[in-house]
Every structure is written in C-alpha cells, then in structure tokens.
Amino acid sequence: MSANIVAFLYLVSGVCFILALRGLSNPESARLGNIFGISGMAIAVLTTLTISATTNILDGILIISGITIGGGVGIYIARKIPMTAMPQLVAAFHSLVGLAAVLVAAAALYAPAAMGIGSPGNMHTSSLVEMGLGVTIGAITFTGSIVAFTKLQGLVSGSPLTFPKQHLINLLIGISLVLMIIAFSLTESHFIFWALTFTALLIGVLIIIPIGGADMPVVISMLNSYSGWAAAGIGFTLGNTALIITGALVGSSGAILSYIMCKGMNRSFFNVILGGFGSDSNSISSDTDENRPVKRGSAEDAAFIMKNAGSVIIVPGYGMAVAQAQHALREMVDELKKAGVSVSYAIHPVAGRMPGHMNVLLAEAQVPYDEVYELEDINSQFSQTDVTFVIGANDVTNPAAKTDPQSPIYGMPILDVERSGTVLFIKRSMASGYAGVQNELFFRDNTMMLFGDAKKMVENIVKSL
Amino acid sequence: MNKESIVNVIEAANVEAITLVSNLEHSGALDIVDPFMFRLSIFILAIFIGYYVIWSVTPALHTPLMSVTNAISSVIIVGALLSVGANFIPGSAEASDIFYAKTFGFFALILASINIFGGFLVSHRMLAMYKKKV
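These protein sequence lines are chains R and E, in that order.
For the first sequence, our numbering begins at 1 and goes up steadily by one.
For the second sequence, our numbering begins at 1 and goes up steadily by one.
Note that these hints are calculated values from the structure, not bench results.
All C-beta atoms, glycine included, are put in the ideal place defined by N, C-alpha and C.
Incorrect hints may have been included.
Under the rule of at most 25 Å between Cα atoms (straight-line distance), these lysine-lysine pairs were calculated in the BS3-like manner [what the hints assert, rightly or not]: (1) R:K165 x R:K307; (2) R:K456 x R:K338; (3) R:K80 x R:K295; (4) R:K337 x E:K132; (5) R:K307 x R:K337; (6) R:K456 x R:K307; (7) R:K263 x R:K337; (8) R:K463 x R:K337; (9) R:K402 x R:K295; (10) R:K295 x R:K307; (11) R:K307 x E:K133; (12) R:K337 x E:K131; (13) E:K133 x R:K337; (14) R:K338 x E:K132; (15) R:K307 x R:K338; (16) R:K338 x E:K131; (17) R:K263 x R:K80; (18) E:K133 x R:K338; (19) E:K131 x R:K80.
Counterexamples of contact, computed for chain E against chain R with all Cβ distances above 10 Å [as the list claims (entries may be wrong)]: (20) N8; (21) D31; (22) V33.
Modelling step: build the complete structure from the supplied sequences, incorporating the hints.
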C-alpha cells in the first residue's frame, strides 16, 4: 500500500476517535460513538498489519496469539467486573497503557528500522527526544496507576503517606529526569534509556503515595491525561497520525477532568498533587463535639417522614458505593413514587472515587438518567424540597464550606441540603469525612441521623414503606 | 555566430537558470518543511479539538469517557505490531536487538489488546445501562 494511503487511513482512524468522544455528549449518541471507536481501532490495526508486510509465519503466530491472549483477558475482566470497582479498573487499564508505551519505546530503540525511523546509533535527535519523553511519561503512568489501583482496591491504606523532605526529593528526581532525557537524545545510549525508565518508574510511585483516597478523582483524571501524552510521545517518534491525534484527545480529556474535579473541591491542582490533604486530622473540634446531642432516628421514622413528603432529593456519596446500596435505594425510590412522592437525585462533581462514579452506579440500578441532576442544576431546588436523603456523603453537604473561612473545605461548592425541610443522614458513625472536619449539619434541629450500614438501613426503610 | 552556437548558448543559460532556481528552493525561504512540523500541527489542532469535544461531554458520562479514552489510547498497539514484525537485516542491527524488540513488542501487544477489548466492552456495558425515564 502506498505511504499516502496508509497516512490517510491513520487519519480516518483518528477522526473515528474524535467522533467516539463527540458521541459522549449524550447517552443515546454515546452508544454509536463507541462503535466509531471500535471501527477506528480496527482501521488502525488492519492498516498496520498491511504495512508491516510480515511474511514470516512466526511473526504471524506471535501477533495472533498476542491479540488472542490480551483480548481474552480483556473480555473476561470487562464482563466480570462489578460497577462499584470501576475506579480501580480504570486505574489498572491506565497502568497497561503506560507500560505498553514504555515497551514500544524500548522496541523502537532496539529496532528503529522496523518503525522506519533510521538505523541503530543513527537516529534523529528529535525522534530520541520524543522517545525519551514518551518513555518517561509512560513509566510514570504505569507505576502511578498501580499505586492508585492498590489504594482504590483497598490493598493499601487510602490515607496519604508522607515523609520528610518528600517534595525536595521529588524535585531532585524530576530535574535528573530532564537531564537524562537530554543526555539520551544526544548519545542514544541504551544504558541512559533504562536509567531514565527506572527513575521515571520510581517517581511515579513517589508522586501518588502522598495523595489520599478522596482525592482519587483528580489522580485518576491526571493519570488518564498522562497516558494520553505518553501515547502522543510515541506517536511523534513513530510519525503516526492516529497515535498523535488520540494522544492529544486523551491528554486534553484527562486535563479537563482534573480541572473539573479540582474546581469541585475548590482546590488548586498543585494543592492536590503535593498531597497530604486530610492527613493532619483536625480532631480539635470533633473532641468537643463528642457529647453534643444529635437527633437519632430509625428506619421506620425515615420511612414515615419520606412517605408523607411531597418531594425528596437523594444525595449519594462514596458510602453508597462502599455499601453497594444503589439497588436497595432504587427500590426505596420506587416505593416512594408509588406513594406519590416526587424524587430526584443530586450529584456533586467529586462524589465517589472517579468522575461520574455515582452516575454509573445509579444507571446500573436502572435509575433513569433524566432523574439525576448535577450540582448547579439542582442546587436551587433544595429550598422547595421537603426531605433530603443523604446516603454516604458528608463533606459535600457541609455548610462550613460557605460560612467558616477557617475550614479546610472553605469555598468548595456544596449541595445546599440544609435549605430543605428535613435532612436525613445515613452514616455508620459520627466520624468526620475525608477533610477531617465535623459537619455542623448533624446537630441541627431539622436533621435526623440514621446510624447503620447504608444498604441495611435502606432495606429496612423499604420494608417499613 | 552561427545558429548552432546560439542554440548552445541559450541551452547553457537555461540549464544555469534551472540550477539557480533549484538552489534557491533548497535554501532559505523555499526550504522544505521538516515532517516534525506537520506532526506538531496535527498535535496542536487535535488538542484544540479535544478541548471543545470534551467540554461538551455530559458529566453523567464522565466514567464512560475515561474508559473510552483508555481504550482508544491503546491505539499504541500499532507500535507493538510494528515491533513484533521487526526483521533482521544483516549489517543494520544486531540479531539480539531484534529479538529484544520482538519480545518487547509482544508484551506490549498483549497489554494493548487487554485494554482495547476490555476498554470498549466495559464502555459498552456501562453505556447500555443509561436509560431514559419510561
């Protein structure tokens, strides 16, 4: 096939990926978008197979078995994975893209002729710079995603891990990475390439360990972005349009999601990345609050209050995901609707452990997506609502974000649940949320605390309805 | 001066003029653009496309967005396929280097395949769950 046709087909593949993302503007077109994505991938793979023109049987066997093994594993995981485990799955997938980028860069270094980028010891400096950048970002994505995965999966504690001189050490390693990329592009030394790779693997671990569990939405988005830039770096090295376009799309996608998540917490990107948030426990206030009276309620009380309400807004949070309470919650809402109560859902941008986490769980429980509202669309409704039912959320409802300039969450956009007639809180205990601050709302007269596991509590409410 | 010699002179002048123009083309203003610049142009424009496309994604679909971007970034599989197909050409590379390249490529191929099949399938699963009110 002529080089021009090949380049054109890669361009078509890139355009398919743009359409795949464009489809996600609404759930109906998203399904078609996914088909565009698959087509783009098929075009890219088939085009590459025709140009590699390998007549060697062994190569053919390697390619078929590689795709079969990988495809089999991928299909198995994708079918088995529960929706609540989606954040760790995405983190794991990011790590694979990172490692694949490292491996492809290494292969390009050892056999540049196969990629059409010169001969060993005689590559373009610009190819080497791109390769160095690609392998560095790929390696950071790989180990960073693995750390994020272990935190999300609960294999290690989700709390931030900090140590003295952390930022200084990271800075020095960062500078050494830049120097190594320069040295590598001047010398094409294999030794420097591997040194660069291992240093980047190390920094990937170091930059993610100080970041706590509830900041994971930012971390996952950031790693998403990195995996894109790594792909783009490799795309530059190979001169492949499909890879360059995709890398740019994915890179900007992750960056925008990080921005949205940071804005949802009113924190700067650097504040999140430097880590340690929520580790210095602000236990000063919670100690004194220990004995303050709260109004406790039972499942029967909650059922009675909601059945007699005209309108209910449900505010889900990470606690709902942990307790897997989404199905029970939908049953409860069905019962309420039968009783003539109007029900809607309010989602805070950073609820859960990844962007859109709550929406997927509610969709899984067959909640229609047009009953689910984003913060800015529903916040004005709380004042006209009889009951707000908060399930597994805390910090995102804390009025201190609006009133107390001393609070670590001051300035964060919150759901104005306190404006509704009655607030029902399902919580396991009085423990403070991720930010380590007590929620003033618990002690208000119009608040009723429902202590217990979210799923069991909701099931009991369903029985009482 | 006879007719033949005039023709010769004109031809010589012609050749000189062509050489001059082609020299001019290869220096300065009419220089050939490095392919890197084309790639950079595509890259920058794709970032802008990404910016506008991603802002139009509804927040309810942010999780599928991540799994779809994940799947499509595995188009890095093209690099893996090329590496697996690396051929030993005497004089251009060590045979052991080609072996390494093939091995790296093979593992990259497996990883990228996991991501492609897993990423698109899990996106499909999620997107199939989003239903409108009946």
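Status of each hint after checking the structure:
As the CA atoms of K165 of chain R and K307 of chain R are separated by approximately 56 Å, the hinted pair breaks the 25 Å bound. For the hint pairing K456 of chain R with K338 of chain R, the CA-to-CA distance comes to about 21 Å; that is within 25 Å, so the pair holds. Restraint check: the Cα-Cα separation between K80 of chain R and K295 of chain R comes to about 42 Å, which exceeds 25 Å; the hinted pair is violated. The straight-line distance between the Cα atoms of K337 of chain R and K132 of chain E is roughly 16 Å, inside the 25 Å bound, and the hint therefore holds.
With a C-alpha separation of about 9 Å, the suggested pairing of K307 of chain R with K337 of chain R holds against the 25 Å cut-off. Between K456 of chain R and K307 of chain R the CA atoms are separated by roughly 19 Å; this keeps the pair inside 25 Å, and the hint holds. Between K263 of chain R and K337 of chain R the CA atoms are separated by roughly 34 Å; this puts the pair beyond 25 Å, and the hint is violated. Only pairs whose Cα atoms come within 25 Å are accepted, and K463 of chain R paired with K337 of chain R is accepted, the gap being roughly 15 Å.
A distance of roughly 24 Å separates the Cα atoms of K402 of chain R and K295 of chain R; the hinted pair therefore holds under the 25 Å criterion. Using a Cα cut-off of 25 Å, the hinted pair K295 of chain R and K307 of chain R holds, with the two alpha carbons roughly 19 Å apart. With a C-alpha separation of about 22 Å, the suggested pairing of K307 of chain R with K133 of chain E holds against the 25 Å cut-off. Between K337 of chain R and K131 of chain E the CA atoms are separated by roughly 18 Å; this keeps the pair inside 25 Å, and the hint holds.
The suggested pairing of K133 of chain E with K337 of chain R holds, with an alpha-carbon distance near 13 Å, which does not exceed 25 Å. For a cut-off of 25 Å, the pair hint linking K338 of chain R to K132 of chain E stands: about 19 Å separates their Cα positions. For the hint linking K307 of chain R to K338 of chain R, the alpha-carbon distance of about 10 Å falls within 25 Å, and the restraint holds. The hinted pair formed by K338 of chain R and K131 of chain E meets the criterion: a straight-line CA distance of about 20 Å does not exceed 25 Å.
Restraint check: the Cα-Cα separation between K263 of chain R and K80 of chain R comes to about 34 Å, which exceeds 25 Å; the hinted pair is violated. Taking the CA atoms of K133 of chain E and K338 of chain R, the gap is near 15 Å; set against the 25 Å cutoff, the hint holds. Proposed proximity of K131 of chain E and K80 of chain R is supported: the alpha carbons are some 21 Å apart, at most 25 Å. Distance check on N8 of chain E: its Cβ is at least 41 Å (rounded) from any Cβ of chain R, clearing the 10 Å threshold; non-interface status holds.
Against the 10 Å criterion, D31 of chain E stays outside the reach of chain R, whose nearest CB is about 16 Å from its own CB. Distance check for V33 of chain E against chain R: the nearest CB is about 13 Å away, which clears 10 Å, and the non-interface claim stands.
In this structure, the hints that do not hold are numbers 1, 3, 7, 17, in rising order.
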